[in-house]
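These protein sequence lines are chains A and B, in that order.
Heads up, the first sequence is in this note's numbering, so the first residue is 13 and it goes up one at a time.
Heads up, the second sequence is in this note's numbering, so the first residue is 15 and it goes up one at a time.
Hint data in this document are derived by calculation from the structure and do not stem from the laboratory.
Any given hint could be a false lead.
Stated by the list, open to error - Within a straight-line C-alpha distance of at most 20 Å, the following computed SDA-like cross-link-like pairs (lysine to any residue) qualify:
#1 A/43 x B/359
#2 A/43 x B/364
#3 A/43 x B/439
#4 B/439 x A/393
#5 B/17 x A/442
#6 A/442 x B/277
#7 A/128 x A/43
As the list claims (entries may be wrong) - Chain A stretches covered by chain B per the calculated footprint, using a threshold of three residues with CB under 8 Å from any CB of chain B:
#8 103-110
#9 142-148
#10 159-170
#11 198-212
#12 229-242
#13 400-408
#14 426-438
Cβ coordinates follow ideal geometry from the N, Cα and C atoms, glycine included.
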Amino acid sequence: MSDVIEPNKLAPRRTLAAVNASLPRRHAAEKRFRLYGLAAIIVGLVALAILFLDILVKGYSAFWQTNIALDVFIDPEIVDPVGKRDPEQLALSDYDALLRASLARIFPDVKERVKKRELNGLISGGAPFDLRDRVLADPSLIGQTVRIWVTASADVDMYTKGYLRSDAPESEQRLKDYQFAWLEALDADRRLEKRFNTRLFSAGDSREPELAGIWGAVAGSFYTLIVTLSLSLPIGVAAAIYLEEFAPRNRWTDLIEVNINNLAAVPSIVFGLLGLAVFINFFHLPRSSPLVGGLVLTLMTLPVIIIAGRSALKSVPPSIREGALGVGASPMQTVLHHVLPLALPGMLTGAIIGMARALGESAPLLMIGMVAFIVEIPRSTLDAATVLPVQIYLWADSPERAFVERTSAAILVLLAFLILMNGLAVYLRKRYERRW
Amino acid sequence: MEKTSLFFLLLVLSSVAYYLGRQRSLSVAGGRARELHSLPSYHGFYVSLWAVVPALSLLFAWLAFEDPIVTRLVTDALPGEVQSASPDHLSLVLNDIRNVAAGQASGEPDPVIRQAADHYRHLQVLSNRLLTLLAVLLAVAGAWFARGRISVRHRARNKVENSVMIFLVVCSTAAIFTTIGIVLSVLFESLVFFQKVPVTEFLFGLSWSPQMAIRAEQVGSSGAFGAVPLFTGTLLISLIAMLVAVPIGLLSAIYLAEYASPRLRAIGKPLLEILAGIPTVVYGFFAALTVAPFIRNVGTTLGLDVSSESALAAGLVMGIMIIPFVSSLSDDFINAVPQSLRDGAYALGATQSETIRQVIIPAALPGIVGGILLGVSRAIGETMIVVMAAGLSANLTFNPLQAVTTVTTQIVTLLVGDQEFDSPKTLAAFALGLVLFLVTLVLNMIALYIVRKYREQYE
Numbered sequence: 013m014s015d016v017i018e019p020n021k022l023a024p025r026r027t028l029a030a031v032n033a034s035l036p037r038r039h040a041a042e043k044r045f046r047l048y049g050l051a052a053i054i055v056g057l058v059a060l061a062i063l064f065l066d067i068l069v070k071g072y073s074a075f076w077q078t079n080i081a082l083d084v085f086i087d088p089e090i091v092d093p094v095g096k097r098d099p100e101q102l103a104l105s106d107y108d109a110l111l112r113a114s115l116a117r118i119f120p121d122v123k124e125r126v127k128k129r130e131l132n133g134l135i136s137g138g139a140p141f142d143l144r145d146r147v148l149a150d151p152s153l154i155g156q157t158v159r160i161w162v163t164a165s166a167d168v169d170m171y172t173k174g175y176l177r178s179d180a181p182e183s184e185q186r187l188k189d190y191q192f193a194w195l196e197a198l199d200a201d202r203r204l205e206k207r208f209n210t211r212l213f214s215a216g217d218s219r220e221p222e223l224a225g226i227w228g229a230v231a232g233s234f235y236t237l238i239v240t241l242s243l244s245l246p247i248g249v250a251a252a253i254y255l256e257e258f259a260p261r262n263r264w265t266d267l268i269e270v271n272i273n274n275l276a277a278v279p280s281i282v283f284g285l286l287g288l289a290v291f292i293n294f295f296h297l298p299r300s301s302p303l304v305g306g307l308v309l310t311l312m313t314l315p316v317i318i319i320a321g322r323s324a325l326k327s328v329p330p331s332i333r334e335g336a337l338g339v340g341a342s343p344m345q346t347v348l349h350h351v352l353p354l355a356l357p358g359m360l361t362g363a364i365i366g367m368a369r370a371l372g373e374s375a376p377l378l379m380i381g382m383v384a385f386i387v388e389i390p391r392s393t394l395d396a397a398t399v400l401p402v403q404i405y406l407w408a409d410s411p412e413r414a415f416v417e418r419t420s421a422a423i424l425v426l427l428a429f430l431i432l433m434n435g436l437a438v439y440l441r442k443r444y445e446r447r448w
Numbered sequence: 015m016e017k018t019s020l021f022f023l024l025l026v027l028s029s030v031a032y033y034l035g036r037q038r039s040l041s042v043a044g045g046r047a048r049e050l051h052s053l054p055s056y057h058g059f060y061v062s063l064w065a066v067v068p069a070l071s072l073l074f075a076w077l078a079f080e081d082p083i084v085t086r087l088v089t090d091a092l093p094g095e096v097q098s099a100s101p102d103h104l105s106l107v108l109n110d111i112r113n114v115a116a117g118q119a120s121g122e123p124d125p126v127i128r129q130a131a132d133h134y135r136h137l138q139v140l141s142n143r144l145l146t147l148l149a150v151l152l153a154v155a156g157a158w159f160a161r162g163r164i165s166v167r168h169r170a171r172n173k174v175e176n177s178v179m180i181f182l183v184v185c186s187t188a189a190i191f192t193t194i195g196i197v198l199s200v201l202f203e204s205l206v207f208f209q210k211v212p213v214t215e216f217l218f219g220l221s222w223s224p225q226m227a228i229r230a231e232q233v234g235s236s237g238a239f240g241a242v243p244l245f246t247g248t249l250l251i252s253l254i255a256m257l258v259a260v261p262i263g264l265l266s267a268i269y270l271a272e273y274a275s276p277r278l279r280a281i282g283k284p285l286l287e288i289l290a291g292i293p294t295v296v297y298g299f300f301a302a303l304t305v306a307p308f309i310r311n312v313g314t315t316l317g318l319d320v321s322s323e324s325a326l327a328a329g330l331v332m333g334i335m336i337i338p339f340v341s342s343l344s345d346d347f348i349n350a351v352p353q354s355l356r357d358g359a360y361a362l363g364a365t366q367s368e369t370i371r372q373v374i375i376p377a378a379l380p381g382i383v384g385g386i387l388l389g390v391s392r393a394i395g396e397t398m399i400v401v402m403a404a405g406l407s408a409n410l411t412f413n414p415l416q417a418v419t420t421v422t423t424q425i426v427t428l429l430v431g432d433q434e435f436d437s438p439k440t441l442a443a444f445a446l447g448l449v450l451f452l453v454t455l456v457l458n459m460i461a462l463y464i465v466r467k468y469r470e471q472y473e
C-alpha cells in the first residue's frame with residue numbers, strides 16, 4: 013500500500029521542481045515583455061520629439077530676416093520732379109532706381125548688364141515699397157542721403173543663415189562665386205543684419221519668400237473659426253441637452269446617437285465633398301470663403317461638441333434635478349437654470365477641443381477652394397481666404413529653401429495656437445471640475 | 015438696408031419687444047407679479063419670440079429665393095438673341111452682369127450688359143427695401159399681436175418652453191441631416207459618373223489615368239477609370255501604418271495600464287495623446303521633407319531603388335499618427351477588465367506578463383479590435399499625409415519602396431483647381447468619395463458595435 017502513497021506524496025514536489033525549472037525562462041519572458049512595453053512608449057515619445065525638434069530646427073530661423081544697409085540718396089529729381097510734395101506723385105515715383113543707384117555706389121566696378129541685374133537682385137522686390145512708405149511718412153527726407161535697412165532677397169537671407177555655402181560644388185549652387193564675393197563684402201562692411209521678421213506676421217501670401225507672411229491665413233482661420241464656433245456651440249449644446257435630458261429612449265434617438273458616433277469617425281475629406289456639393293453647387297455660396305469653410309467645419313465639430321456636452325450633462329448628479337423639480341421648477345427650468353450652468357465648463361472644454369481640431373483641419377477646405385493663392389488679407393466671412401494649415405500645405409509645395417523655413421515657422425505658430433487652446437481647455441477643466 | 019444690418023435691427027426690435035411684454039404683463043396684473051400664471055420675463059420672451067421668429071423666417075426665405083427671382087427678371091429683360099443663346103453662354107453673360115453690378119468690371123462693358131447690370135442693381139435695391147419694410151412690419155405686427163394676448167391667466171411659460179423644445183429637437187437632428195447630406199451629395203454625382211463609366215470598370219479596372227483631353231477629338235480623350243490601383247495603394251499605405259501603430263499602440267497601452275507607475279502614466283499618456291492632436295498637415299510636411307528623403311538616402315546606401323515618394327514614408331508617419339487612436343481605446347478597455355480576473359490569474363501562479371497575455375488581452379480583445387478598426391478607418395480616410403508625401407502615379411504594386419497613390423489623394427487632385435460637373439474627371443472624385451464613405455462607415459459601424467456591446471458586458 014505504501015507504494016501507492018509514495019507517488020502521491022511526490023507529485024507536488026515534482027510539479028514544484030518543474031515549475032522551479034521553468035521559472036528563469038518565465039521571468040526572462042516577463043522582463044522581455046516589460047521591455048517591449050517600455051520600448052513602445054519610448055518609440056512613440058521619440059517620434060514626437062523628433063517631429064517637434066525637426067520643425068523647430070527648420071523653422072526658428074524664419075523669425076529673423078536679413079536686411080541690407082544702404083545709403084540712399086533720395087533724389088528730388090526722381091522722387092518729386094515737380095517739387096510740390098504731392099503724396100500722389102510721391103507714391104508713384106521710381107524708388108527702385110534710388111536703391112539701384114545706392115547699390116551701384118557700393119559696387120562701382122559692376123558694369124555688365126547681367127551682373128548689374130544680379131546685383132539688384134540682392135534686395136527684395138518689396139524694398140522699394142518700404143522706401144516709398146518711409147518717404148511718404150516723412151517727405152523732409154527728400155534731398156537727403158539716409159542710411160536705411162532694406163529687406164534682402166531670399167537668397168541673401170539663406171546665405172546669412174548659413175544654408176548657402178560658397179564651398180559647395182558649383183552645380184548645386186544657387187549663387188555664383190562673384191555673388192558670394194559681394195555678400196562677403198557687404199558682410200565685412202557690416203551692411204548685413206538679421207532683424208526680427210515682422211513681415212512674417214503682418215503680410216499676406218506672396219510668391220517671394222521674403223515678402224510672404226501668415227497674417228492673411230491667420231485672418232482666414234479667425235473668420236472660419238468664428239463661423240464654426242457661433243454655429244456649432246449653440247447647436248451642439250442644444251442637441252446635447254435634448255438627447256441627454258429630454259429625449260425618450262426609442263428607435264429615433266438611437267438612430268441619432270449612432271449617427272453622431274459615426275459622423276465623429278467619418279473621414280474629414282468626405283465633409284469637404286459635402287460642402288462642395290451642397291454649399292457651393294446647390295446653395296451657390298461664395299467659393300473659397302470662410303463662410304463655407306466654417307459651415308463645413310461646423311458639421312465636422314458638431315459630433316465632438318455633442319458627445320462632450322452629453323458627458324458633461326451626465327456628470328451632473330440627479331440630486332440637482334430632483335431638488336429643482338422638488339421646489340416646483342418646470343423640467344425646462346430645471347435643465348436651463350440648474351443643470352446647464354453646472355455642465356457648462358465641461359461643455360466649453362469640449363467646444364475648445366473641437367475648435368482646436370477645426371483649426372488644424374485642412375483636407376475638407378481643399379475641396380471648397382480655400383487653396384487659392386490669395387495676397388489680400390480677408391476682411392469678412394465672404395472674402396476669398398485661406399487658413400493657416402492650408403497655407404502650410406501651399407508653402408510646403410514650394411521647393412525653395414526659404415519657403416521650407418517659413419513653412420516650419422507657420423507650423424510653429426499653428427502649434428502654438430493649438431497648445432494655447434488645449435492648455436485653456438485643461439485649465440478650465442482643472443479650475444471648474446467638480447467632484448460630486 | 016443690408017441684410018446683416020437688418021438682422022441686427024431685428025435683434026434690437028426683439029429686445030424692445032421683450033421689455034414691452036414684461037411691462038405689459040406687470041401692468042395687466044396691476045404690479046402684483048404673483049397674480050400672473052407665468053413670470054413677467056416669460057411674457058417678455060413670448061412677445062419677443064413673436065416679434066423675431068416670423069421676421070427672421072421671412073429673411074431666410076428671402077435669402078433663398080431672392081437671387082433666382084432677380085436673375086430670372088434680369089434674364090427676361092435681356093434682348094432676345096442673348097436669351098436664346100446656349101445655357102453656358104447665358105450663364106457667362108449673367109456672370110458678367112453680376113460683376114458689373116458689383117462694380118468689379120474690367121474695362122468698359124458692353125452697353126447691353128451695362129444696361130442689364132443697372133437693371134440688376136435696381137432690382138436688388140428694390141428687393142432690399144421691400145424686405146426691410148416687410149420684415150419690420152412683420153416684427154411689429156407679431157409683437158403687437160402677442161402683446162394683445164397677455165393676460166393674468168396667459169400661459170406664457172408653457173408656450174416659450176415649447177418653442178425652446180422645438181429648437182432643441184431641431185438641433186438634435188443636425189447629425190441626421192449631415193449624414194443624409196453626405197449620402198445624397200456623393201450618391202447623386204456618383205450616379206451621373208456611373209452613367210458615363212460602368213461600375214464594373216470603376217471597381218475592377220486595373221488602370222487609372224483620369225486625364226481628360228480638353229477637346230473631345232484629342233487622342234486619349236476617354237481617360238481610364240479603373241480604381242484598383244488606388245485601392246491597393248490605400249491598402250498598402252494603411253497596412254504599413256497599422257504595422258507601426260498596432261504593436262506600438264498596444265504595447266504602450268499595456269505598459270501604461272499594467273506596469274507604469276502612476277507618475278509615468280500621468281506624464282506618458284497625455285504626451286502620447288499629443289500625437290493625435292497634431293494637425294495632419296504637419297505630419298504631411300514631416301513625411302515629405304524629413305522622412306521620405308531619409309528613407310531614400312538609407313535605401314541608396316543599401317543599394318535599393320527607393321522612390322522619393324515611397325509608400326513607406328507616408329505609411330510610417332501615418333502609423334505614428336494613429337498610435338494614440340489604438341492606444342487610448344485599448345488602455346480604456348484594459349482598465350475596464352475587473353481586478354478579480356487579474357487576482358485569479360496571480361493566485362494560480364501566473365506571472366504578470368502571463369496574466370496580461372492569457373487573461374487580460376483576451377478579456378479586452380473586443381475593445382482592442384474596435385480600437386484597431388477605428389485606426390484602420392482613420393488610416394484609409396487620412397488625406398493630408400498622403401497628398402503631401404505619397405505620389406500621384408497609380409502603380410499597381412505592393413512594393414513599399416515605390417510610389418503609390420491613394421483614394422484620398424486622387425479625390426484632392428481631381429477636385430482642386432477647375433471643376434466641370436459634366437466631366438467624368440470631376441465626377442470620379444465623388445465616386446471615390448462614395449467608396450471611401452461606405453468603407454469607413456462599415457468599419458466604424460463594426461467597431462462601434464463591438465465597443466458598445468463589450469462596454470455593456472462589464473457594466
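Results of checking the hints against the structure:
For the proposed pair residue 43 of chain A and residue 359 of chain B, the alpha carbon gap of about 18 Å is at most 20 Å, so the pair holds. A hinted pair counts as satisfied when its Cα atoms are at most 20 Å apart, and residue 43 of chain A with residue 364 of chain B qualifies at roughly 14 Å. Restraint check for residue 43 of chain A and residue 439 of chain B: not satisfied, since their Cα atoms lie roughly 57 Å apart, outside the 20 Å limit. Restraint check for residue 439 of chain B and residue 393 of chain A: the C-alpha separation of about 30 Å exceeds 20 Å, so the hint is violated.
Proposed proximity of residue 17 of chain B and residue 442 of chain A is contradicted: the alpha carbons are some 42 Å apart, above 20 Å. Between the alpha carbons of residue 442 of chain A and residue 277 of chain B the distance comes to roughly 18 Å, so the proposed pair stays at or under 20 Å and holds. For the suggested pair residue 128 of chain A and residue 43 of chain A, the alpha carbons sit about 71 Å apart, so the restraint of at most 20 Å is broken. Check on the segment 103-110 of chain A: 0 of its residues sit with their Cβ under 8 Å from a Cβ of chain B, so the three-residue criterion for coverage is violated.
A count of 0 residues in the segment 142-148 of chain A with a Cβ less than 8 Å from any Cβ of chain B is obtained; the coverage claim is therefore unmet, three being the minimum. Counting residues of the segment 159-170 of chain A whose beta carbon lies closer than 8 Å to any beta carbon of chain B gives 0, which falls below the threshold of three, so the coverage claim is violated. With 0 residues bearing a CB less than 8 Å from a CB of chain B, the segment 198-212 of chain A misses the requirement of three and the coverage assertion fails. Only residues whose beta carbon comes within less than 8 Å of a beta carbon in chain B count, and the segment 229-242 of chain A has 0; fewer than three means the coverage is violated.
Here's how the segment 400-408 of chain A fares: 5 of its residues keep a CB closer than 8 Å to some CB of chain B, so the rule of at least three is met and the hint holds. Residues of the segment 426-438 of chain A lying with their CB closer than 8 Å to a CB of chain B number 4, which satisfies the three-residue condition for coverage.
In summary, the numbered hints that this structure violates are 3, 4, 5, 7, 8, 9, 10, 11 and 12.
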